[in-house]
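*Asks:* Chain by chain, the residues:
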Amino acid sequence: EAGVAQSPRYKIIEKRQSVAFWCNPISGHATLYWYQQILGQGPKLLIQFQNNGVVDDSQLPKDRFSAERLKGVDSTLKIQPAKLEDSAVYLCASSPEWTRQETQYFGPGTRLLVL
Amino acid sequence: DQQVKQNSPSLSVQEGRISILNCDYTNSMFDYFLWYKKYPAEGPTFLISISSIKDKNEDGRFTVFLNKSAKHLSLHIVPSQPGDSAVYFCAARSGGSNYKLTFGKGTLLTVNP
Chain Z
1 EAGVAQSPRY KIIEKRQSVA FWCNPISGHA TLYWYQQILG QGPKLLIQFQ
51 NNGVVDDSQL PKDRFSAERL KGVDSTLKIQ PAKLEDSAVY LCASSPEWTR
101 QETQYFGPGT RLLVL
Chain V
1 DQQVKQNSPS LSVQEGRISI LNCDYTNSMF DYFLWYKKYP AEGPTFLISI
51 SSIKDKNEDG RFTVFLNKSA KHLSLHIVPS QPGDSAVYFC AARSGGSNYK
101 LTFGKGTLLT VNP
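Order-wise, the sequence lines are chains Z and V. Residue numbering for the first sequence follows the working numbering, beginning at 1 and increasing consecutively. Residue numbering for the second sequence follows the working numbering, beginning at 1 and increasing consecutively.
Hints are supplied without guarantee of correctness; some may be wrong.
Label-pair ranges, simulated between beta-carbon atoms [to be verified]: (1) Z:I12 - V:K54: 44 to 54 Å; (2) V:H72 - Z:Q59: 20 to 30 Å; (3) Z:A20 - V:N67: 42 to 52 Å; (4) V:I53 - Z:P81: 39 to 49 Å; (5) V:N67 - Z:A5: 31 to 41 Å; (6) V:Q2 - Z:S27: 31 to 41 Å; (7) Z:Q59 - V:D31: 15 to 25 Å.
Hints in this document: simulated from the structure, not taken from any laboratory. Predicted, not measured: the structure shown is a model, and the values here were computed from it. We treat Cβ as the ideally placed atom computed from N, Cα and C, and that holds for glycine.
Work the whole structure out from these sequences, hints included.
*Replies:* Structure below.
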């Protein structure tokens with residue numbers, strides 16, 4: 001079974017530029033999550049989708065971050081414009097069931113550096 | 001407001017000995033606790049979990065203990081192996097409509113041969 005795919009793996013941009021990350025979850029997984037992991041911190045949930053609907057985006061900085069999940073499969077996370085403090089690893093995860101959080105499968109992440 | 005705390009940034013143990021990783025939480029609404037393991041350049045992988053109605057869960061070399069009155073949980077690895085060297089994250093699930101996970105900062109475990 002293929003795992004969660006993310007691209008790009010690394011990205012370096014200057015502040016005020018835009019950037020987008022892509023995630024392809026495990027086939028058939030209904031729930032998709034985007035996390036932000038700043039160096040030395042644990043992952044922080046940014047947004048959670050159930051199929052193509054948003055379940056929780058309470059910690060998403062909506063003035064600069066946006067995310068979509070078209071057709072309930074792939075998802076993109078965009079930052080526009082980027083700030084220095086956005087430097088982090090962005091993790092995508094998916095899970096097949098609503099209540100079993102232990103079944104979250106994480107991708108390798110995209111490491112973003114904002115200069 | 002850090003609701004899940006892992007106060008030890010790192011831990012070093014000898015191969016074959018016991019590793020004990022600790023985690024404290026402040027939110028009484030957490031109903032499920034999980035440990036994830038993370039290798040460099042990889043995403044976290046689920047290791048073991050425990051419901052708030054239990055005080056112990058065991059899976060092979062890994063055992064998680066929960067002390068609800070102290071709002072404390074610990075992960076025991078016995079015996080420790082060099083391949084266990086990784087960052088371990090404690091996570092807690094809040095009840096409600098979306099079962100959001102809150103992670104601690106992680107503990108880097110190094111198992112020396």
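*Asks:* Now, for every hint given, state plainly whether the structure supports it.
*Replies:* Right, here's what the structure says about each hint:
For the pair Z:I12 and V:K54, the supplied restraint of 44 to 54 Å holds, since their beta-carbon distance comes to about 46 Å. At about 26 Å, the CB distance of V:H72 to Z:Q59 agrees with the hint of 20 to 30 Å. Restraint check, Z:A20 to V:N67: a C-beta distance of roughly 44 Å satisfies the suggested window 42 to 52 Å. Range check, V:I53 to Z:P81: Cβ separation about 47 Å, and the 39 to 49 Å hint holds.
Distance hint check for V:N67 and Z:A5: the Cβ-Cβ separation is about 39 Å, which falls inside the suggested range of 31 to 41 Å. Checked against the hint of 31 to 41 Å, the C-beta distance between V:Q2 and Z:S27 comes to roughly 36 Å, which is consistent with it. Take Z:Q59 and V:D31: their Cβ atoms lie about 20 Å apart, and the range 15 to 25 Å holds.
Of the numbered hints given earlier, the model fails none.
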